[in-house]
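There are 2 protein chains.
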Amino acid sequence: TSSSPSFFGNRGMTLEQDLNDTNQYYRSTGRAVIHKKPTPVQIVHVDYPKRSAAKITEAYFKQPSTTDYNGIYRGRYIDFEAKETRNKTSFPFGNIHAHQMDHMSEVLRHEGIAFLIIRFTLLEETYLYDAARFIEWYFGQKERKSIPLPDIRENGHLIPLQYSPRIDYLDIIDRIYFS
Amino acid sequence: TSSSPSFFGNRGMTLEQDLNDTNQYYRSTGRAVIHKKPTPVQIVHVDYPKRSAAKITEAYFKQPSTTDYNGIYRGRYIDFEAKETRNKTSFPFGNIHAHQMDHMSEVLRHEGIAFLIIRFTLLEETYLYDAARFIEWYFGQKERKSIPLPDIRENGHLIPLQYSPRIDYLDIIDRIYFS
Ligand SMILES: [Mg+2]
Ligand SMILES: [Mg+2]
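Chains Y and G, in that order, are what the protein sequence lines are. All residue numbers for the first sequence refer to the numbering used here, where the first residue is 10 and numbers rise by one. All residue numbers for the second sequence refer to the numbering used here, where the first residue is 10 and numbers rise by one.
Please keep in mind that the hints were generated in silico from the structure rather than gathered at the bench. Check before you lean on any hint, since a few could be wrong.
You can't tell identical chains apart in this list, so a pair holds if it fits in one copy or across any two.
[Said to hold, decoys possible] Straight-line alpha carbon distances no greater than 25 Å define the calculated DMTMM-like cross-link-like pairs of lysine to aspartate or glutamate that follow:
id : residue 1 : residue 2
1  : K97       : E115
2  : K92       : E115
3  : K45       : D77
4  : K92       : D56
5  : K154      : E67
6  : K64       : E93
7  : K154      : E25
Here the structure is a predicted model, which means the values were calculated and not measured.
Isolated chain Y, as found in the complex (with noise of 0.2 Å):
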């Protein structure tokens, strides 16, 4: 209940709900206009019943060519992708596609800002870790196929958890982006 001192824990509320909440309140507040992309779907078959709404009765979820969510602040473009992992030590790429990560490059190249959301779901710990030191942990070592947490807790921003906004990420661009 409201008055539980982990109100503003995590209350099982996922990363994607969380985001989606602050989305919303950036928008109705005039401060952003940032939305989550649908999920890909490769639709093969449709039925199209008399008086009801046509319905998919095969499809596949298919590979994202982009990140999670883009947008607009501040008159800049706005892209990351948000990604959850019960991981405690470090953060594992295994869920990161090549794609996903050309289109992080391409979106910096284009002066656009573009960044990850990593929450540690056991660690309750949230992060913006910027896509460019993203991008060299990525490309620049073989062996290792995860960036350590010592390194997102030192490089990376913490996102304190609060009630409204969920996660207040522009907060931390502000000072990372625009000063």
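Given chain Y, put chain G with the ligands in place with the hints provided.
Showing chain G with the ligands alone in chain Y's frame:
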């Protein structure tokens, strides 16, 4: 075949196919990073068969909350909706949703570049039309639910159909938003 006089003509390509080709060309030449967003789908049921890919067996089309395309060009946020019509005298508002209009207004308020690409399929004419002007028409009239073709011809910007890129809309963006 490639020597036919209609080679640069429509060839049965939809506007979406032309735009996907064009955006692919822009990305591969490093000119811009612009993608179509996936079709929004409400997923109701997924089967997880052993030894094969997850299969979506029940899903429905959702109304999009934003426009179809966005990205970055010359450091600016770019956002547009693409629509085809078989109408020969006007562009009917029918399939533009209210929240897509709201989205375009928000983008303009945040200093993004927003527009529509409208194709009159039967006339084989494709126009870039500024979102601010579109919004005026959309909200400024009670009876009429469309923009008359003469206005689009006069105030829109005809995009010639060519081989590659198919519809070079960034040339028009250069002229009207960057000069
Ligand atoms: Mg994600
Ligand atoms: Mg469309």
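Going through the hints against the structure:
Taking the closest pair of Cα atoms, K97 and E115 never come within 25 Å of each other, the shortest separation being 30 Å inside a single copy and 40 Å across copies. Taking the shortest Cα distances, K92 and E115 sit within 25 Å of each other inside one copy (20 Å), while across copies they are farther apart (27 Å). Taking the closest pair of Cα atoms, K45 and D77 come within 25 Å of each other both inside a single copy (6 Å) and across two copies (13 Å). For the homomeric pair K92 and D56, the shortest alpha-carbon distance between copies (24 Å) is at most 25 Å, but the shortest distance inside one copy (34 Å) is not.
Proximity of K154 to E67 under the C-alpha cut-off of 25 Å is found in neither arrangement, the shortest distances being 35 Å within a copy and 36 Å between copies. Only between protomers do K64 and E93 lie at most 25 Å apart by alpha-carbon distance; the minimum there is 24 Å, versus 31 Å within a single protomer. For the homomeric pair K154 and E25, the shortest alpha-carbon distance inside one copy (24 Å) is at most 25 Å, but the shortest distance between copies (38 Å) is not.
When held up to the earlier numbered hints, the structure conflicts with 1 and 5 and fits the remainder.
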